[in-house]
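Chains as they are written, first to last, in this note's numbering: chain A, 1 to 293; chain B, 294 to 532; chain C, 533 to 1125.
Chain A regions said to be covered by chain B (calculated; three or more residues, Cβ under 8 Å):
#, stretch
1, 164-174
2, 182-191
Listed below are several chain C residues computed to face chain B (Cβ distance under 7 Å; list not exhaustive):
#, residue
3, P906
4, F1019
5, G1046
6, H1074
Chain C is nowhere near these chain A residues, computed Cβ spacing over 12 Å in every case:
#, residue
7, L59
8, L67
9, G70
10, N120
11, F122
12, P124
13, A129
14, V138
15, F178
16, L248
17, R254
18, L287
Hints in this document: simulated from the structure, not taken from any laboratory.
Virtual Cβ for every residue (Gly too), placed ideally from N, Cα, C.
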Amino acid sequence: MRDFVELMVSVGEAGGIYALVALAFLVTLRPTGVFNFALGEWAGLGAFVGIAAVVWLRLPYLVALPLIVGSTALVGWVSERFTVRPLIEHDAPPLSPVLALLGVMTMTHEGIVFFFGTSNQFAPSPLGAAPLQLGPIVAPSQSFLVIGVTAAVFAGAWYFFERTVWGRAFEAVAVDRFAAGLVGVNLRLTSTLAFAAGGAIAGLAGLLQSPLTSASYLMGLPLAVKGFSALVIGGMGRVEGALLGGLLLALLERLVLRYAPIPSGYAIGVPLLLLILFLLVRPTGLLPSKTIR
Amino acid sequence: MRLAVRNLSAGYGPIDVIRGLSLAVETGETVALLGPNGAGKSTLLAALAGVLRRRSGEVWLDDRNVATAPPHVIVAAGLALVPEGRRVFAPFTVYDNLRLGALRLAAPATLAERLDYVFGLFPRLREREWQLAGRLSGGEQQMLAIGRALMSNPQVLLLDEPFLGLAPMIVEEIRRVLRSLAQGGLTVLLVEQKIDMALALAQRAYIIVNGRIVLDGTTAEIRERGNLSRIYFALSEPD
Amino acid sequence: MTVRLGLAWLGGAALLVGTTFLLDDYTADLFRKMLLTVTLALSFNFLFGIAGQLAFSHVAFYGIGAYTIVILAYHFGWPLPLAFLGALAIGFVLALTVAVPSLRLEGFFLALASLAFAQIFTVVMVQGGEVTGAADGISGYASPTVLGIRFAGQNYLFAVIGLFLATLAILLAIDRTYFGRACRAIRDNPDPAAAMGINVARTKIIVFVLSSMLATIAGMFYAYADNYVNPFVFDLDYMFLLFFMVVVGGSGRHEGAVIGAVVLFALPELLGNVIGNRHMFFYGLFVVLAILFWPDGLAGIIDRFRAALRTKAANPAPIARPALVPTARVPTPPHADAPLVTVRGLSKRFGGIVAVDGIDFELYAGEILGIIGPNGAGKTTTFNLIAGVFPSAAGSVRLRDTEILGLSPHDVAAHGIIRTYQHNRLFAGLTVLDNVLIGAHTRFSGSRIGSGRLARLEVEMRREAFDILSLVQLADQAEADVRRLSFGQGRLLEIARALIGRPSVIMFDEPAAGLAPAELERLGEIIRWISGHGIAVLLIEHDMNFLLPLAHRAIVLNFGRKIADGTPATVCADPMVIDAYLGATVQAQGGTA
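Only chain A is shown next, with the shape it has when bound in the complex:
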C-alpha cells in the first residue's frame, strides 16, 4: 500500500509538471495554430528567474511568484508581437512562425546560460525542505505543492475555457477564426494573450520543477519533449487532454522504470516512443476534441 501511495505521489508530481507544459503548448497552439518549440526553454527560464528572485534577491515567495510568472509571460508576449504576428499578417508560409520560434528557443537557452551559468542551481521549496504528512501520505512538501498547484491551474483553466465568455471566445477562435472575428473577438489580442499565457504556464512549470530536481540549463528540451508528448497522447483539443496525457505519461514512465528489465537511462524513451506511436496511429490523442462532424 505504501508502495502504491509513493507511486501515486511520484506520478502526481512528475505528471503535474508534464501536464502544465502540455497545457502551455495547448493554450498557444489552439487559437494561433502555431507550435511553440520555445516553451521548454521558457520553463527553464521560469526556474532560473525563480532562483534569482528567491535565492539571490531573497524576495518572499508571494512577491516572487508574480514576478517570475510575469517575466515568462512577458517573453511570450514579446515573441508573439515581434516574431509571430508580423509573419502571420504578411502571409508568410505557415511553417515560418514555427521556424522563427526555434530561433527564439535558442536565444532563450543561450540567455539562460549567459546569466545563470551551466552549473545546476539549488532551489528551495516554498514549503520548506522537510517532508509533509497529509493523512496517510508522507512526501516531500514540494510534491504536494506541485500536485496542488497543478490541480488549481487545471481547475482554473477548465473553468475559464468552458464557463467564462472570454474563455469561450478563445476557444471560438480555434473552432472558426472567421466567425470569431465576426462576433467581435479581437483576433490580434487573442494571439498575444495565448502566447503570454503559454509563457506564464511554462514558467510556472519550470519553477515548480526546480526544487525537485534542481534547475539545470539543460532542463528545457526534455521538458518540451515530455510536454508535447503528453499533449499528443492526451488529446490536443482540450484542457483535460493535457492533464490526462501528463499523468499517463508519468505513470508509464514510472512503471517502465520499476518493472521493465532495461536500464533506467531508457526511461526517456517512453515519451519518445509514445509520441511517435500516437502521431502515426492516433494523432488526435486519447480524448477527442469536441467538434461535431
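Could you slot chains B and C onto chain A? The hints should help.
Here is chains B and C on its own, set in the frame of chain A:
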C-alpha cells in the same frame, strides 16, 4: 443607422473582386443585393464587416468611417454580419453561441435582455438553449446565426444568402422575423440570389455584376423591368 | 557536361586541395570539420530547403553512419569495404523505416516525430554499453587503410574534399532533372504538384532516403576525423545548428547551404574573443531576422547586391513566334463521334449532405463544354470528382475505356486530364519556365530512358515550354520569378502548364474570374485554339458574357442534379434554368433572351 459605401474596392489576395463600388442604405431601410455568382456580393459584405484586409474606399456608419477598422471595432460600432453558410460554433451550445454574439454588447443593454429578445424572435432556439449547435437542423442553425448577430444589438444587419438550402417553411419563418426586424427600424442589407425572395423583403435593390453595380432602383422599378435574366447572364449592359 | 563546366569543377577541386597545403595542423583539422558540416548542410538543404520536409532526423543519420561503420569495422572486425556497405545498408533500412510512416505527417507533426527519432538514437547510443561505448563513445581505433593508402592526415583531407564535391555534384545533377523540379513543386504547393502528375508520396520517400543516405555516408567519413565518436556530437544542438545554417544561408539553394555553413562555422573561430561561446544566441537571432526580413538568406542578399551592381545587360528579344504549331501531333480519339469522357450516375455525399446526385453527361474531343449553375449546385464538387480529389464517390467517369473515378490526382493527370485552379496555384520558388515544365512531368516520368537521353529530353522540353509560353505571350517572362506576374499572367501560365502535358482534356475552374476585358479576349482565343487541336475543354464559369460565345454546349446544375443540357443560348433561355438562378417570379414576367 445609415450605411454608406463610397468607392469601395476589395478582394482576396491580388484580385479585386469589387471595384469602386458605391451604395447607401438609409436608416430603417431594407436593401437587397442581387446578382450572379462571383459578382462580388459576399465579398462586399465581408469587406463591410472588416474581415477582408484588402480594402480601399470609405465605409460610413452614420458619420463614422470604419473602412480600416478591424472586425471587433465594427461590431462595437453597430454593424453585424450573418455570414454565408451560417458558421455557428458547432461544439458550443446555443446559449454559448448567443453569449459570444454579445461580446461587444454596449451598456445599458444587458445579456439577459438580449437573450430574451432573441428567444422571443426564435422560440425554437429557447427550446434548444443547451443543445450543441452542431446538432441543430440547417434552419435552426440559420436562426442561431441570425440570433447571434442580433445579440450585439446592431443597428445595421448584413445577411449573406440566409435562405440558401432551407426548407420553405423555415424560409417563411425567417422571412417573417426579418420583416419584423425591419419594421422595428433595423437597417438591413441582404444578399440574395433569388430575386423574388429579395424583392419581397426589400424596398430597394442593387444588381451587381462583375464587381460593379449595373442597376439600382426601388422594388417596383425593378419588377417593371423585364430582361432581368439578360442582365443576370450579363448578356448586355442595361440602358 | 560541357568543357567549361568540367574545368570549373577541376578548378574548384584544385583550389580546395591547394588550400590544404597552406594550413597548419590545427586549421587543417578545422577545415575538414567544416567541409563535413558543409556537406551535411547540403544534404539537409535538399531535404528541407528544396523538398520542403522539416525533419530533425538528419544528424541522427550522420551519427548512424559514424557509429555503424566503427562498430562493424572495429568491434566486429569487418574489412572496411564491407563495413562501409553494411553501414550503408543499415542507413538505408532505417531511412525507409522513418520515411514511410512520415508520409502521414505534415508540417510540425513531421518535425516532432523526427525529433523524437533523433533523441531515441542518442538514448540508444548512450545506453548501448560495450557495443557503443555508452556516454564515452568509442575511441582509439585506427585510421582505415584502403588499397594500401592510409586515410589519415592529408589523405583523409583529400577524401573529405572528394566527399564534399561528390555530394555537391549529385545534388546539382538532381536539380537539373525533372525530379529536382518535382521536389520544389511539392515544397511550394503539393496539391497542384499532384494534379500535374507528380507522385508526391513516392517523391517524398526518395528524397528522405536519399538525403539520409548522404548524411549516413558523411557520418562514415566523420568517424575517422578524430578517430572518436560519442553520442553528444550527434545531438539536437548540432541539428539545430545545421538548421540555422541552412536558413541563414538561404534555404533552397546549394550556395545558400554552403555560405550558411561556412559563415556559421567560421564565425566562432574568427570572433572567438569577442563573443565568446555564446555565438548560438546570435545565430538564433540571425534566424529570426532572416525569416522575418531576408527569407532568401545570405545568398539572397548577395544576389541582390550583385544585381544592383550589374548594369542592365540588354536581354536579347526572344524570337517572336507566330501562333503555335505543336511539334508533335495532338492525340485524336479513335472514333470521332464517340465521347471522350462519359460520366454516369456521378454522386457524392459529405456526411448527410448530398453535393452531387446522379449526374450524367458526355464530353467530346475538341468540344468546349460549360458547367453552370447557382451557388452550391455542385459544380466544383463534380469538377473535383473528375480530378481525383475525393477517393470515394459513386458512379462512373470513363476516359475512352478507362475508369477514372477514384484515381488519385496524379494518376488522373497521367491519363491525360489536366486541371487549372480558380485562384492561381503556381510554384512560387520556380521560374515561369520551370512552372511550365512541371506540367510536363508525366512526359518525363512516363518515358523509360537512360540519363543521356533524359538530358536531351530536358532540352527538347525546355524548347517546347518556351514555344508554349510564346503562345500565351509570356515568353519574355520565361526566367522571371512567378511572384512578379500579374493575376492574368498567372492564369495564362497555368494554361501553359496544362498544355505541355499534351492532355486529352483540360478542365478550367472559373478561368474568367478576375480578368480584364483584354485578357478575357486572349483567354477566349487560347481556349478556342485548344479545342481546335482536338483537346476537350470542360469549364466551370459564371461569366455568361464570356461563356456564351465560347462554349459549344453547356450543362446546368442545380441542387446537385443536371437540369439542362444544350447549346448555351438554349440553356440560358430555358425557364427551369432561369428559375434556378432568379426565382419563380421572373419567369412569369417572361424575361428571356
